[in-house]
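Undergrad: Chains as they are written, first to last, in numbering that gives the first Met the number 0: chain A, 0 to 307; chain B, 0 to 307.
Treat the hints with care, as some may be off.
To be verified - Below, in silico cross-link-like pairs of lysine-lysine (DSS-like), each with a Cα-Cα straight-line distance of 30 Å or less: (1) A/K93 - A/K27; (2) B/K240 - B/K4; (3) B/K297 - A/K93; (4) A/K94 - B/K262; (5) B/K240 - A/K94; (6) A/K240 - B/K240; (7) B/K94 - B/K240; (8) A/K93 - A/K162; (9) A/K297 - B/K240; (10) B/K240 - A/K54; (11) A/K240 - A/K129; (12) A/K93 - B/K93.
For the record, the hints were derived by calculation from the structure and aren't laboratory data. Given the structure is predicted, the values throughout are model-derived calculations rather than measurements.
2 protein chains.
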Amino acid sequence: MVDMKLIFLGTSAAIPTAERGLSSVVIKRGNELLLFDAGEGMQRNFIRAGLGMNKRMKIFITHMHADHCLGLLGLLQTMSLHGRTMAVDVYGQKKLAEFLTENMRIINFGLLFNINMHIVDCEGVVVKEKEYQISCCEAKHVVHSFSYCLTEFDRPGIFMLDKAKRFNIPEGDLYSKLQHGQDIIYNGELIRSSQMTGPPRPGRKIGISGDTRPTVKLRDFFRNCDLLVYESTYNHDKYQKAVENFHSTAREAAILAQESEAKRLFLTHFSTRYEEISELINEARAIHENVEVAEDLKLVDIPYRKSD
Amino acid sequence: MVDMKLIFLGTSAAIPTAERGLSSVVIKRGNELLLFDAGEGMQRNFIRAGLGMNKRMKIFITHMHADHCLGLLGLLQTMSLHGRTMAVDVYGQKKLAEFLTENMRIINFGLLFNINMHIVDCEGVVVKEKEYQISCCEAKHVVHSFSYCLTEFDRPGIFMLDKAKRFNIPEGDLYSKLQHGQDIIYNGELIRSSQMTGPPRPGRKIGISGDTRPTVKLRDFFRNCDLLVYESTYNHDKYQKAVENFHSTAREAAILAQESEAKRLFLTHFSTRYEEISELINEARAIHENVEVAEDLKLVDIPYRKSD
Numbered sequence: 000m001v002d003m004k005l006i007f008l009g010t011s012a013a014i015p016t017a018e019r020g021l022s023s024v025v026i027k028r029g030n031e032l033l034l035f036d037a038g039e040g041m042q043r044n045f046i047r048a049g050l051g052m053n054k055r056m057k058i059f060i061t062h063m064h065a066d067h068c069l070g071l072l073g074l075l076q077t078m079s080l081h082g083r084t085m086a087v088d089v090y091g092q093k094k095l096a097e098f099l100t101e102n103m104r105i106i107n108f109g110l111l112f113n114i115n116m117h118i119v120d121c122e123g124v125v126v127k128e129k130e131y132q133i134s135c136c137e138a139k140h141v142v143h144s145f146s147y148c149l150t151e152f153d154r155p156g157i158f159m160l161d162k163a164k165r166f167n168i169p170e171g172d173l174y175s176k177l178q179h180g181q182d183i184i185y186n187g188e189l190i191r192s193s194q195m196t197g198p199p200r201p202g203r204k205i206g207i208s209g210d211t212r213p214t215v216k217l218r219d220f221f222r223n224c225d226l227l228v229y230e231s232t233y234n235h236d237k238y239q240k241a242v243e244n245f246h247s248t249a250r251e252a253a254i255l256a257q258e259s260e261a262k263r264l265f266l267t268h269f270s271t272r273y274e275e276i277s278e279l280i281n282e283a284r285a286i287h288e289n290v291e292v293a294e295d296l297k298l299v300d301i302p303y304r305k306s307d
Numbered sequence: 000m001v002d003m004k005l006i007f008l009g010t011s012a013a014i015p016t017a018e019r020g021l022s023s024v025v026i027k028r029g030n031e032l033l034l035f036d037a038g039e040g041m042q043r044n045f046i047r048a049g050l051g052m053n054k055r056m057k058i059f060i061t062h063m064h065a066d067h068c069l070g071l072l073g074l075l076q077t078m079s080l081h082g083r084t085m086a087v088d089v090y091g092q093k094k095l096a097e098f099l100t101e102n103m104r105i106i107n108f109g110l111l112f113n114i115n116m117h118i119v120d121c122e123g124v125v126v127k128e129k130e131y132q133i134s135c136c137e138a139k140h141v142v143h144s145f146s147y148c149l150t151e152f153d154r155p156g157i158f159m160l161d162k163a164k165r166f167n168i169p170e171g172d173l174y175s176k177l178q179h180g181q182d183i184i185y186n187g188e189l190i191r192s193s194q195m196t197g198p199p200r201p202g203r204k205i206g207i208s209g210d211t212r213p214t215v216k217l218r219d220f221f222r223n224c225d226l227l228v229y230e231s232t233y234n235h236d237k238y239q240k241a242v243e244n245f246h247s248t249a250r251e252a253a254i255l256a257q258e259s260e261a262k263r264l265f266l267t268h269f270s271t272r273y274e275e276i277s278e279l280i281n282e283a284r285a286i287h288e289n290v291e292v293a294e295d296l297k298l299v300d301i302p303y304r305k306s307d
């Protein structure tokens with residue numbers, strides 16, 4: 000059981016407002032932080048949220064627009080000023096590496112920790128850890144852009160102690176093996192892990208769109224998300240603007256979420272023209288039954304799916 | 000009579016806090032904005048303060064540390080997204096020009112307006128307008144840094160209508176000449192402007208320290224300021240840290256203000272270690288009788304000096 004929360008650190012598109020900062024969202028999974036985008040000024044909400052300067056951390060930048068990457072410099076510097084020495088893994092396009100090195104040269108700031116830079120230039124799995132992986136998919140934006148998915152691997156089913164006892168399997172090492180998916184031979188008999196455990200317990204899946212038009216590819220990429228954070232810069236009246244600027248409307252976000260069977264949809268990345276987001280929620284709720292609205296510093300619990 | 004206000008847009012040193020953003024202060028003089036430093040995220044307070052995206056504007060960057068210059072990119076982009084087409088004058092070191100061009104190339108953002116870049120590499124007058132000038136002086140910081148002064152020229156004294164009438168000077172053009180400092184010959188007689196006007200009315204002088212140790216040079220540079228905005232990163236207990244990091248203590252700020260006969264001293268640029276600034280105020284007030292504390296979005300009226 001790993002606790003997982005998502006916290007919005009910035010939810011405005013292109014220009015910040017008094018209430019909304021520029022794009023950034025973090026997933027706190029156990030003791031690790033997975034940050035997606037770092038718009039200018041996001042470090043203040045990072046600080047307000049008390050996320051901590053010394054955690055294991057991976058940072059993913061969807062695309063190289065200022066409102067998605069500019070805050071990375073300040074965040075890195077602040078972590079260093081707080082004495083961080085643990086390396087940070089940064090994932091983004093080649094231009095992100097150039098952005099970091101050039102600015103570190105020009106502004107002349109050194110960090111106490113290393114940056115492990117991972118160039119993301121094609122689709123696929125970019126992180127594979129023991130319990131989860133993170134993959135990316137080409138989005139469709141003005142500039143080259145990627146969407147991301149965090150997918151936890153299924154956990155083994157619940158170990159059926161009674162059944163194991165009925166097979167006279169001794170407690171200890173063999174229990175543990177069966178519990179973790181290992182078949183065993185005991186007393187000359189093959190005993191499958193699947194005989195002793197319930198059905199695998201599904202991991203969670205979270206999708207982060209970045210800036211994009213909706214596409215069939217993204218619909219498939221986000222299939223069956225527990226939580227989909229999807230941009231809705233405009234309401235559907237501004238469909239033409241969405242097409243021109245390679246963004247999505249709230250209606251399109253909801254259609255994509257519905258078709259990809261996302262359980263929950265969080266709308267974010269709102270144009271500053273909307274003081275009231277209710278219009279966008281309403282048009283999305285007409286299509287998807289579980290629509291919520293991102294707000295700066297909103298904290299979202301992501302529980303495990305109930306076993307079917 | 001030109002209305003002049005100063006508004007703090009960011010008042011924290013190096014790292015922002017929940018309450019204080021990174022260094023930035025703007026002087027609104029009539030319809031013109033004079034911005035000094037642009038720490039990351041300052042555009043949000045710029046927006047909150049309702050300063051307007053289409054005003055005449057000059058921007059001065061004291062030095063090339065991220066917490067003083069990073070916000071410039073976002074501010075410029077936001078002004079452009081708001082449709083600004085009027086050029087902006089930017090004053091800073093050569094590295095600032097490189098910072099702007101490199102980031103505009105890497106992040107690929109175009110502006111609808113021109114940047115008139117003015118390289119500041121030595122002391123002296125950097126702006127000379129009809130009613131004021133802005134000059135800079137070498138500060139003493141870890142990196143090359145400049146302090147700035149805005150100095151309004153004295154306005155002519157009040158025109159003495161009764162006296163002019165007694166000299167039988169006809170109203171109109173000659174009045175205007177005398178009023179604006181021009182001597183005239185009337186009826187074969189030299190009449191000096193100074194005979195017909197009261198004493199010149201002094202302009203205002205505002206000093207902005209940027210990051211610095213106190214120096215004799217700065218004391219002279221800031222002589223007789225109506226308002227001095229001076230960094231006080233530390234209290235005097237942390238004197239050694241101030242020396243090491245090339246900053247000032249609140250006590251040092253007050254001594255410099257006192258010796259340079261600044262009328263009002265505003266302390267700013269506080270280390271995040273001080274949740275309560277009262278300690279810093281108290282040690283400064285023990286020395287200078289008119290000490291105030293900068294806070295984000297604090298608006299300060301700068302009235303004309305009463306004629307002596």
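Undergrad: If you draw a straight line from the CA of A/K93 to the CA of A/K162, is it 30 Å or shorter?
TA: violated (54 Å)
Undergrad: For the pair we were handed, A/K93 and A/K27, check the Cα-Cα distance against 30 Å.
TA: holds (26 Å)
Undergrad: Holds or violated: B/K240 and B/K4, Cα atoms, limit 30 Å.
TA: violated (33 Å)
Undergrad: Between A/K94 and B/K262, does the CA-CA distance stay at or below 30 Å?
TA: violated (50 Å)
Undergrad: Given the proposed pairing of A/K240 with B/K240, does the C-alpha separation stay at or below 30 Å?
TA: violated (53 Å)
Undergrad: Is the hinted pair B/K94 and B/K240 satisfied, with a Cα-Cα distance of at most 30 Å?
TA: holds (27 Å)
Undergrad: Taking 30 Å as the top limit, are the C-alpha atoms of B/K240 and A/K94 close enough?
TA: violated (37 Å)
Undergrad: Measure nothing beyond the straight line between the CA atoms of A/K297 and B/K240; if it is 30 Å or shorter, mark the hint as holding.
TA: Since the Cα atoms of A/K297 and B/K240 sit roughly 38 Å apart, the hinted pair is violated (cutoff 30 Å).
Undergrad: For the pair supplied as a hint, B/K297 and A/K93, confirm whether the alpha-carbon distance does not exceed 30 Å.
TA: violated (41 Å)
Undergrad: Is the straight-line distance between the alpha-carbon of A/K93 and that of B/K93 30 Å or less?
TA: Holds, at about 26 Å.
Undergrad: Against the 30 Å threshold, does the CA-CA distance of B/K240 and A/K54 hold or violate the hint?
TA: Given that 30 Å is the threshold and the Cα spacing comes to 28 Å, the pair holds.
Undergrad: Tell me if the straight-line CA distance from A/K240 to A/K129 falls inside 30 Å.
TA: violated (42 Å)
Consistency with the previously given hints fails for numbers 2, 3, 4, 5, 6, 8, 9 and 11, ordered from lowest to highest.
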